[in-house]
Amino acid sequence: SQQGEEDPQALSIQEGENATMNCSYKTSINNLQWYRQNSGRGLVHLILIRSNEREKHSGRLRVTLDTSKKSSSLLITASRAADTASYFCATDAGDYKLSFGAGTTVTVRA
Amino acid sequence: DGGITQSPKYLFRKEGQNVTLSCEQNLNHDAMYWYRQDPGQGLRLIYYSQIVNDFQKGDIAEGYSVSREKKESFPLTVTSAQKNPTAFYLCASSTPGIRKNEQFFGPGTRLTVL
Numbered sequence: 001s002q003q004g005e006e007d008p009q010a011l012s013i014q015e016g017e018n019a020t021m022n023c024s025y026k027t028s029i030n031n032l033q034w035y036r037q038n039s040g041r042g043l044v045h046l047i048l049i050r051s052n053e054r055e056k057h058s059g060r061l062r063v064t065l066d067t068s069k070k071s072s073s074l075l076i077t078a079s080r081a082a083d084t085a086s087y088f089c090a091t092d093a094g095d096y097k098l099s100f101g102a103g104t105t106v107t108v109r110a
Numbered sequence: 001d002g003g004i005t006q007s008p009k010y011l012f013r014k015e016g017q018n019v020t021l022s023c024e025q026n027l028n029h030d031a032m033y034w035y036r037q038d039p040g041q042g043l044r045l046i047y048y049s050q051i052v053n054d055f056q057k058g059d060i061a062e063g064y065s066v067s068r069e070k071k072e073s074f075p076l077t078v079t080s081a082q083k084n085p086t087a088f089y090l091c092a093s094s095t096p097g098i099r100k101n102e103q104f105f106g107p108g109t110r111l112t113v114l
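First to last, the protein sequences are chains A and B. Sequential numbering of the first sequence, starting at 1, is according to this note's numbering. Sequential numbering of the second sequence, starting at 1, is according to this note's numbering.
Bound-form chain A, shown alone (with noise of 0.2 Å):
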């Protein structure tokens, strides 16, 4: 089942720009993770929160966490053509699978 839904489905910005979306889920999780998806192409993971963390960076990424809402936020700043793909946000939820929600599409307009 998929367990995360991403916001919003589609996003359109221009080069330098950031990019922000959210990721809701229901259940009680171990760790959330994002993945980008290039048109065509297999998923890459880029960054992993756990639990109890509530912020991680990773080069021009930045991630929260709040799980007393049950959601997730995903920032790219300095947006560049290159980082045009789908991202999803994923749940692990300690039980050897991860649940996929739909994704956010992002393109960045030159």
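FYI, nobody ran anything at the bench for these hints, they're computed from the structure. Hints are supplied without guarantee of correctness; some may be wrong.
Per label pair, the in silico range of CB-to-CB distance [what the hints assert, rightly or not]:
id, chain 1, residue 1, chain 2, residue 2, range
1, B, ASN28, A, ASN38, 20 to 28 Å
2, B, ASN28, A, GLN14, 41 to 49 Å
3, B, PHE12, A, THR27, 37 to 45 Å
Partner residues are not named here, just some residues of chain B that face chain A (Cβ under 10 Å, in silico) [unchecked claim]:
id, residue
4, LEU11
5, ARG44
6, PRO75
7, ASN101
Where chain A lies over chain B, by a calculated footprint (3+ residues, C-beta under 8 Å) [as the list claims (entries may be wrong)]:
id, region
8, 36–43
9, 46–58
10, 102–112
Here the structure is a predicted model, which means the values were calculated and not measured. Built from N, CA and C at the ideal position, the CB exists for glycine as well.
Could you slot chain B onto chain A? The hints should help.
Relative to chain A, chain B alone:
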């Protein structure tokens, strides 16, 4: 190079035929997964395997079958019982533990029913 490979990249099937999608990894990962992705949607889990000779159904296993005879290989068969098999199929592997089930994905196989 360590990685996960899928073949073929594109596959065409006539109605009523079974087809098998290949997935191989040399990452020494214990767990392997098969997902289905439909246009504009997220990933849905078909089957997963935590160890050799063992596998479990995911959310949409009907019409699919798998085997896990070797650690490196986890082939998926799409049977004629799967009524709407046209989709993008993704294989992944992971080693739950320190890395907390970060999954590594193959490039995918696009299956089209003619």
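- Task: Kindly indicate which numbered hints from before are broken by the structure, ordering the numbers from low to high.
- Result: Result: hints 4 and 6 break, sorted rising.
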